[in-house]
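Undergrad: Chain residues, written in single-letter form:
Protein chains: 2
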Amino acid sequence: MAGLQTLTSKGLKDEPGLQSNFEVDYVIHYKIPTTETQEAEAAFVQLVEALANVGFATEVRNGAKSSLLVFTKIASDKLLNSQVYRYRVQDWLYGVRAAAPNQDITKYFEDEPVTEAERLRLAYLLITKPKNEGGAGITPKTGQWKHVASIFPLHDHKFNREWIKQWSTKYYLDDGDINQIRDRFGERVAFYFAFLQSYFAFLLFPAAFGFAAWLVLGQFSWFYALVNCLWSVVFFEHWKMKEIDLAVRWGVRGVSKIQHPRPQFQFEREAEDPVTGEIVKVYSPLKRLARQLLQVPFALACVTVLGGLIFGCFSIEIFITEVYNGPFKQYLTFLPTIILTIFMPALQTLLTRLAERLTEMENYQTHDAHQASFVQKIFVLNFITSYLGIILTAFVYVPFGKILVPYLDFFQLTAQRFTADGKPLPTKSWQINPDRLTKQIIYFTVTAQVVNFVTEVIVPYAKRRVSKQVEKVTEKPEKNGLQIVDLPEEEPFLKRVRDEAELDQYDVTVDYREMVIQFGYLSLFSVVWPLTACSFLINNWVEARSDAMKIAISCQRPIPWRADSIGPWLSSLGFLSWFGSITSAAIVFLFKDKSGPGGSPSAISGWALLVSILFAEHLYLVVQIVVRGVVGKLDNPGLQKERAERFAMRKQLLESTFGRDMSDESHGVGTSGEQKITRETLEEEARQLSIKGSMSKEQQFWLRQRSAGETVQIGRHMFSEIVAANQTKAKK
Amino acid sequence: MAGLQTLTSKGLKDEPGLQSNFEVDYVIHYKIPTTETQEAEAAFVQLVEALANVGFATEVRNGAKSSLLVFTKIASDKLLNSQVYRYRVQDWLYGVRAAAPNQDITKYFEDEPVTEAERLRLAYLLITKPKNEGGAGITPKTGQWKHVASIFPLHDHKFNREWIKQWSTKYYLDDGDINQIRDRFGERVAFYFAFLQSYFAFLLFPAAFGFAAWLVLGQFSWFYALVNCLWSVVFFEHWKMKEIDLAVRWGVRGVSKIQHPRPQFQFEREAEDPVTGEIVKVYSPLKRLARQLLQVPFALACVTVLGGLIFGCFSIEIFITEVYNGPFKQYLTFLPTIILTIFMPALQTLLTRLAERLTEMENYQTHDAHQASFVQKIFVLNFITSYLGIILTAFVYVPFGKILVPYLDFFQLTAQRFTADGKPLPTKSWQINPDRLTKQIIYFTVTAQVVNFVTEVIVPYAKRRVSKQVEKVTEKPEKNGLQIVDLPEEEPFLKRVRDEAELDQYDVTVDYREMVIQFGYLSLFSVVWPLTACSFLINNWVEARSDAMKIAISCQRPIPWRADSIGPWLSSLGFLSWFGSITSAAIVFLFKDKSGPGGSPSAISGWALLVSILFAEHLYLVVQIVVRGVVGKLDNPGLQKERAERFAMRKQLLESTFGRDMSDESHGVGTSGEQKITRETLEEEARQLSIKGSMSKEQQFWLRQRSAGETVQIGRHMFSEIVAANQTKAKK
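Just so you know, the sequences run in chain order A and B.
Sequential numbering from 1 applies to the first sequence in full-length UniProt numbering.
Sequential numbering from 1 applies to the second sequence in full-length UniProt numbering.
These aren't lab readings, by the way, just hints derived from the structure by calculation.
As the structure is a computational prediction, the values presented were derived from the model and not from experiment.
Check the hints yourself; a few may be wrong.
Said to hold, decoys possible - In silico DSS-like cross-links for lysine-lysine, where the CA-CA straight-line distance does not exceed 30 Å: (1) Lys-495/B - Lys-158/B; (2) Lys-633/B - Lys-240/A; (3) Lys-731/B - Lys-495/A; (4) Lys-633/B - Lys-65/A.
What the hints assert, rightly or not - Covered stretches of chain B (chain A as the covering partner; in silico rule of three or more C-beta atoms under 8 Å from a C-beta of chain A): (5) 38–48; (6) 109–116; (7) 152–159; (8) 607–619; (9) 702–711.
Said to hold, decoys possible - Here are the simulated distance ranges between beta carbons: (10) Val-450/B - Glu-270/A: 31 to 39 Å; (11) Lys-257/B - Lys-107/A: 30 to 38 Å; (12) Ile-484/A - Asp-635/B: 55 to 63 Å; (13) Gln-727/A - Ile-342/B: 54 to 62 Å; (14) Phe-211/A - Phe-400/B: 42 to 50 Å.
Virtual Cβ for every residue (Gly too), placed ideally from N, Cα, C.
Just chain A, same shape as in the assembly (with noise of 0.2 Å):
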């Protein structure tokens, strides 16, 4: 049973299913319907034999809970050597790698031998691609393959279990950490970790100046939010450059231009490329810009529905904990809390449902194209339901409070019908309390990031482990459906196998988010709290334990694709540290200075406010530039494998090529040019001369000084002429 006995070398002893993966690349998890079975099996016939027709070994086993396992390996060293072969010349072509591979094939094997990520990208690729790209074209859960429930590898147990145990007792991941991650589950879970890795350590530097800050400048200095912004601006430009130099020294970089197609990709009409010749699909882009243009009332409805809820009940907790007095306060409190977990969790269901509807409406080519834009919707949604309920109690709540409370006798209002005897309830007089917006930073900063640890990690494992107990419990004395037999050497594998295919795939996509949306809080809001970067730092340390856990336990392992950056998520993150600019310098022009709680808009200079945001983002603008400027200019490991790789290549070329054409040139160049130019010329001019009426001006011209050194004769003379005329000259 995969759970965390697997990561003790205990169980990994006591069941022997964990300790070998039968040499199995991929497993097919194929789900029997109850309807339509002729169908179902005929596409499973149709299974086996594309699979098989690519060049992959087959076998065949039971599933559980009315399934089948079909597992395979890619059959042929051969075969997989090709195809490794074939992507790297690609990869090649396309400027990823900068020397060509070695046409020795067996040599280049044994120089650069297939690390087990590339294996299994490869035969995933095989397996998913278009059959007329030379792949079986399975694609799961879609069209044919609507039964096919997953395609996944199979954990490496023994190898989760040493890295669990080394990343669980050491404080600080290192490169060598980060590259072991890259080998077993490729370039895009390890750029995850890469980046966490980075966050983590420049963490420290806000933890500790925040310490400090909370110590000395308190709240609300304007000190710490210069250096919380110059700061945000040093780390997303820093990681811009990590990120080039971990592409280039993972031999990545480049990759995001091999693109994959999408196979849900619909295309109008097939057209010859122009240019090329090829024959592309075509999907009008007008069509896909009508649709993309969907993303604004998207955005608005998103807007309008979660801004609607949070400010509802955002409006509903004043009332009741400010101004309220009557009976139940004490139940009632926890009214707006129950509305948001009731409603929240599926209007945020539904709305990334909604999402996802709109990014398959548009319908791209490329799955980098269409994460691209489906990360933008969700980003746009989380950042709302993260950040709306704070900046409501900045900019609204504390300096309109006055004005608005009032408006809330509404609720007064509609509560007094409900009662019996109509009579207005008991308010207490209204104070705008100033400790709101701190009290709402530690609970998201802190209190948040607990609650997030334990849904994401520890409910899932307990919510398997339970369901895992109540099928043991009902499942076995039933005896409804079919007993399954196994093969008393294959029974551990194949019941973890089973465990396996019933585990969620891994979203590495899920856990940037949650980064993205935590480098939000430290940069648009942190000034009000500057312990937060103290918070972000102890949960970040465990985040990456748990992260990793996850993928281990959790999860299937993933498929190891490859990637060159964060992709989408960098865009995010620099329009949080571009608006943090903004938030900070508002919050402490609002909140600074206030002695006693909130001061009524008319108070507060709309001018000066103004003008305080508009220097700190054209500050930040500028810092930004002068930074892009340095860090740009400083070398890295990457750069300077890149370097050393085009010069060793260059070198190469230059000397391949140059080898006959140097000496070639040592006749025209060089002292021994003039020489040449004087021998056969003397000898000819004689000659020409005598012919010289049939000479043009121009051959003549070339031919008054018939070498370098008759030039430096008849010049001195011309010298000599003219610094003689000069000195009469003065003379005179």
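Chain A is already provided as a structure; the job is to place chain B on it using the hints.
TA: The following block gives chain B in isolation, referenced to the frame of chain A:
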């Protein structure tokens, strides 16, 4: 004599010296000093020897005014070809060329002949490259070669005549015209004309729209400001793409990566590059940074000196024209203009020289870095001189005039001292003059452009003609110097070369500066006077022709450098375009709805002003992102060409690499794959099964189903079992 008559076919026939260049590649103008003649003579000898050593044929003749003219040409075609081949291979290695040069040199030069620009560029490099890199190391005006006044190629007067004739008779320059420039004068000059042409074409829209706006909307229209802003974004983004397009079509994309080292670069030490092992020259970047920081006091000095002058003249002007009403008013009105005319050019020259000195002190390693840094400083200088006056009027004089003008009494008091009677000078009551801004804009966009044309083209030409005449009159009868006697058949040619030697070098920076500053007026202030673009449209039609004339008549033929962009001016354009969004919004806000002359600052809500600026700026930034996205998706001929070349290269390479490999694959993949597994394994299995005891679990696992056929068979069996079980369960 080089002059207008060189451009007429009559002139060409009259002056036989214009008809041929005598096969000369470069003329080296060597000035003979009156002192240190010994060293100068030695250096001359070294010059000729250095040239001969690298393969140049040389001829020496007398120059004008105590100088020698050394004529050079590349002696052998072999040398030229080997140089061309070497540089083309370098281009290929740097990714500038998609395809590697053919190994068969003879055929190669038939396919891709050497253009004139290429020949001249390589010859120049050969003359100026350091000796250790295979050049003659001759750097004009520096060190050992301080008497070398210039190294210049000879004008092709036949071509120039055709060129000017063509351009002055057509309305619109097309790609062919620009390509002609490129072939003769290199990509650097061609990029200027391409930019000018592109800008001219784009001006058609704001000229038409501006005219309509002037008729319908009047001044200070927010709608005009919006459209103008949008236009400038579109133009800027379009040019960025166009630049790439041209660079690709001209085969120079990425040449800016191939940096030419500055011979003036002074290194602190030589070090071995840790990566490539090359010996590199090192100059401490910290030292450079420290010197770069001098830019800050430099900018402050510019602002103080030029700003002070402009502000002073501005104040005097207002005082005299609008406050003062005493005697000599009609003469005193010219006082500020006189002050500006005297001091401004002097200060500008001084500061430009300072900028040059500063840039030299920053000691850049490459020409490009040096140039970029210099352009940056020049831009600051020109920004102040060009826009500060208008900015003062718009944002100081009009809004704060009522407050500030009383302080101008200072002038009155000063003037009073110098008058005999000490009576207060007569003044008139002062009103803010709302037309002042408009008048200023019209001056800068019409009058100044005409003045500029006169000083740029007509004055230097007239000056040269006059000084020629003076020379003729004064020098001939004196006969104090050396009387030069030329061979009759060379005389007209040498006479013409002597003229060309006296011409200025063409500096494309000056022309770029003019256009960028012009773009600034349009972007920043055209909302004041919507006809601005009309004026510029006419001006730029003339500008293109007059710049062509300038190159053809008033300057030495430029050395045909390559370039892949307009370089550092691009960021200046971007800055002006962005800044325009701010000034336009502010101007519209301040001047719109002012019925009478100027409101007082209290009447202007600072808050609303800032909101409108903030809004305009952020609208600008958003639009920029959108336009960048859209423009980035457009295809253009250059990118198509690049794609086609890449595709062809890939196809060819893949075919040559996989010729052998494809057949390998067809064994592994395809339907035969399955059969092979079956056939091969069938026999072996009998043997292997007999030794089953010694087989691992893994081996056994993969042998259970011997082929895809068996997998299918067994899978179908499992399938039907499960279906049956499901049915039983359903029935229960």
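Undergrad: A range of 31 to 39 Å was offered for this pair. Does it hold for the Cβ distance of Val-450/B and Glu-270/A?
TA: Distance hint for Val-450/B, Glu-270/A is violated at roughly 58 Å.
Undergrad: Would the pair Lys-495/B and Lys-158/B pass a check requiring their Cα atoms to be no farther apart than 30 Å?
TA: At roughly 17 Å apart (the allowed maximum being 30 Å), Lys-158/B and Lys-495/B satisfy the hint.
Undergrad: Per the coverage rule (Cβ-Cβ under 8 Å, at least three residues), is the region 607–619 of chain B covered by chain A?
TA: Contact hint for the region 607–619 of chain B vs chain A: holds, 5 residues under 8 Å.
Undergrad: So if I understand the rule, the pair passes when the alpha-carbon distance is 30 Å or less; does Lys-633/B with Lys-240/A pass?
TA: holds, 24 Å
Undergrad: Test coverage of the region 38–48 of chain B by chain A using CB-CB distances below 8 Å; three residues minimum.
TA: holds (count 5)
Undergrad: Starting from the hint 55 to 63 Å, judge whether the C-beta atoms of Ile-484/A and Asp-635/B obey it.
TA: holds, 57 Å
Undergrad: Examine the region 152–159 of chain B for residues whose CB is less than 8 Å from any CB of chain A, and state whether their number is three or more.
TA: violated (count 0)
Undergrad: Per the hint of 42 to 50 Å, is the separation of the Cβ atoms of Phe-211/A and Phe-400/B within bounds?
TA: Holds: the Cβ-Cβ distance is about 47 Å, inside 42 to 50 Å.
Undergrad: So is the region 702–711 of chain B in contact with chain A by the C-beta rule, three or more residues under 8 Å, or is the coverage claim wrong?
TA: holds (count 6)
Undergrad: Take a look at whether the Cβ-Cβ distance between Lys-257/B and Lys-107/A falls inside 30 to 38 Å.
TA: holds, 33 Å
Undergrad: Establish whether the coverage given for the region 109–116 of chain B by chain A is satisfied; the threshold is a Cβ-Cβ distance below 8 Å, and no fewer than three residues must meet it.
TA: violated (count 0)
Undergrad: Take a quick look at whether Lys-633/B and Lys-65/A sit within 30 Å of each other, Cα to Cα.
TA: This hinted pair is violated, its Cα atoms lying about 49 Å apart.
Taken one by one, the earlier hints fail for this structure at numbers 4, 6, 7, 10, 13, listed in ascending order.
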